[in-house]
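Quick note on numbering: the sequence shown equals residues 1 to 429 in the working numbering.
Please keep in mind that the hints were generated in silico from the structure rather than gathered at the bench.
All C-beta atoms in this analysis are idealised placements derived from N, C-alpha and C, irrespective of residue type, glycine included.
Among the hints, erroneous ones may be present.
Said to hold, decoys possible - As a list, the in silico DSS-like pairs of lysine-lysine whose alpha-carbon atoms are at most 30 Å apart:
#  : residue 1 : residue 2
1  : Lys293    : Lys403
2  : Lys91     : Lys126
3  : Lys164    : Lys49
4  : Lys126    : Lys116
5  : Lys293    : Lys342
6  : Lys112    : Lys126
7  : Lys124    : Lys91
8  : Lys64     : Lys126
9  : Lys49     : Lys64
10 : Lys112    : Lys124
11 : Lys396    : Lys293
12 : Lys164    : Lys116
13 : Lys400    : Lys293
To be verified - Label pairs and their computed distance ranges (CB to CB):
#  : residue 1 : residue 2 : range
14 : Ile370    : Pro392    : 23 to 29 Å
15 : Asn257    : Leu349    : 34 to 40 Å
16 : Ser143    : Asp348    : 22 to 28 Å
17 : Glu195    : Glu340    : 55 to 61 Å
18 : Phe428    : Glu352    : 39 to 45 Å
19 : Gly337    : Ile157    : 54 to 60 Å
20 : Lys124    : Gly63     : 48 to 54 Å
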Amino acid sequence: MSNVVVVGAQWGDEGKGKVVDIYSRTADLVVRCQGGNNAGHTLVVGGEKIILHHVPSGILHEGKRCVIGNGVVIDPGILLEEIDGLATHGKAVSPETLIISESAHVILPCHKALDKAREVAAGKNKIGTTCRGIGPCYEDKASRAGVRMGDLIRPAILRDRLEKLLDERNALLRHLGADIFTVDEILDELLEQGERLKPHIKNTFVILNEISEAGDTILFEGAQGALLDIDNGTFPYVTSSNTGSGGIVTGSGIGPNKLGTVVGITKAYVTRVGSGPFPSELFDSIGDHLRDKGAEFGSTTGRPRRCGWLDLVALRHAARMNGLGGLAVTKIDVLGGLDEIKVCTAYDLDGERIEYFPGRLEDLERCKPIFETMGGWSEDISGARELGELPPNAVKLLEKMEKYTGCPVVMVSVGPGREETVEVQNPFA
């Protein structure tokens, strides 16, 4: 059996939670490797909606072991709320089923305040962050000033780190006209949270490598999407971590030779939250149709998502940067009822046709989509369980995606429910 990596192949919100939930049935262990609670994975199990932010989706399977790796930034208060919420749904979390890296960095109240203050100060030029403190937390990690989960169970070390960190962060908060923080008002709450989480906090580098070497199967759960990658996305309108398969390596401590197959999750159209260029975006009734029928509102913020036609240029970019071995296509059912469907197959950049994703924001902002029109369908496809049960035009759309990206379609989601799925190939085989 091969390990499997699941990553978003667009701007996030592709439906990774459902795919990870399904693949978790096969894996022995599910690992989250980057991002924070700015990413929400929505799952529908038995008609019940469950939204997860920190905890890997595999936790919904009885007895499944899950790991939050060192590359994740964690808001301990939010994590505890999530653990408590799972318990109310009959999904009790134990130290055996949820393991947290002692090296994962902690999102502090000053990080969230700074995130919000910067967005307010930026005005119309704001990035469109979730204001969850993700970026400032990664900044402190990169500057070697951050607090890590293992520090929460070491009071003297925690106080020392907070004193040094707050000196600098408070100066910046004052400059931005925001409230400042004292060590004492943060320390006690963090120590209480650390005490509750202590049984879960371990050296996950050793645990993951021992599990891998023992031959157990690992599912790596990505967060956000390829086009939000700090290096290869639409910078600066990106998140603060590497959202591709490369981030799985650094965020878990597992070597790249052990990753296995990489599956990219893509909607049959495109959505984006926040600011930044979006060549295939729709501003008409079709865009409204996609948003309303697809329930395109952020699971973390509730913000309405920007919607557009499928962008194959961007999808091929994601396939290349992640080394995709397969595509899982979600929300193809949302396209039902449209007389025709369009896909972007190239861009017009200042009168020149290009078929690559520009690396410079200024170039991408000037790109105009070149569309190819395809036939639509009116049938309800939620009952399809095999490709042959899909309308011919839906199959043609999938074939177009395969041809353009060079990646086979391994799964098709035809509805929000776990069972509303066409599984074409098993990437674990």
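Status of each hint after checking the structure:
1. For the proposed pair Lys293 and Lys403, the alpha carbon gap of about 28 Å is at most 30 Å, so the pair holds.
2. The straight-line distance between the Cα atoms of Lys91 and Lys126 is roughly 38 Å, outside the 30 Å bound, and the hint therefore fails.
3. Restraint check for Lys164 and Lys49: not satisfied, since their Cα atoms lie roughly 42 Å apart, outside the 30 Å limit.
4. A C-alpha spacing of about 10 Å is found between Lys126 and Lys116, which places the hinted pair at or below 30 Å, so the restraint holds.
5. At most 30 Å may separate the alpha-carbon atoms for a hinted pair to count; Lys293 and Lys342 meet this at roughly 17 Å.
6. A hinted pair counts as satisfied when its Cα atoms are at most 30 Å apart, and Lys112 with Lys126 qualifies at roughly 15 Å.
7. The suggested pairing of Lys124 with Lys91 is violated, with an alpha-carbon distance near 42 Å, which exceeds 30 Å.
8. For the proposed pair Lys64 and Lys126, the alpha carbon gap of about 40 Å is over 30 Å, so the pair is violated.
9. Distance check on the hinted pair: Lys49 and Lys64 sit about 19 Å apart at the alpha-carbon level, within 30 Å; holds.
10. Restraint check: the Cα-Cα separation between Lys112 and Lys124 comes to about 20 Å, which is no more than 30 Å; the hinted pair holds.
11. Restraint check: the Cα-Cα separation between Lys396 and Lys293 comes to about 22 Å, which is no more than 30 Å; the hinted pair holds.
12. Between Lys164 and Lys116 the CA atoms are separated by roughly 22 Å; this keeps the pair inside 30 Å, and the hint holds.
13. Using a Cα cut-off of 30 Å, the hinted pair Lys400 and Lys293 holds, with the two alpha carbons roughly 23 Å apart.
14. Distance hint check for Ile370 and Pro392: the Cβ-Cβ separation is about 24 Å, which falls inside the suggested range of 23 to 29 Å.
15. Hint check: Asn257 to Leu349, Cβ distance near 38 Å, so the stated range 34 to 40 Å holds.
16. Remark: the range hint 22 to 28 Å for Ser143 to Asp348 is contradicted by a beta-carbon distance near 42 Å.
17. Between Glu195 and Glu340 the beta carbons are some 59 Å apart, a value that agrees with the proposed interval 55 to 61 Å.
18. Against the hinted window of 39 to 45 Å, the Cβ-Cβ separation of Phe428 and Glu352 comes to about 43 Å, which satisfies the hint.
19. The supplied range of 54 to 60 Å is met by Gly337 and Ile157, whose beta-carbon atoms lie about 58 Å from each other.
20. Distance hint check for Lys124 and Gly63: the Cβ-Cβ separation is about 50 Å, which falls inside the suggested range of 48 to 54 Å.
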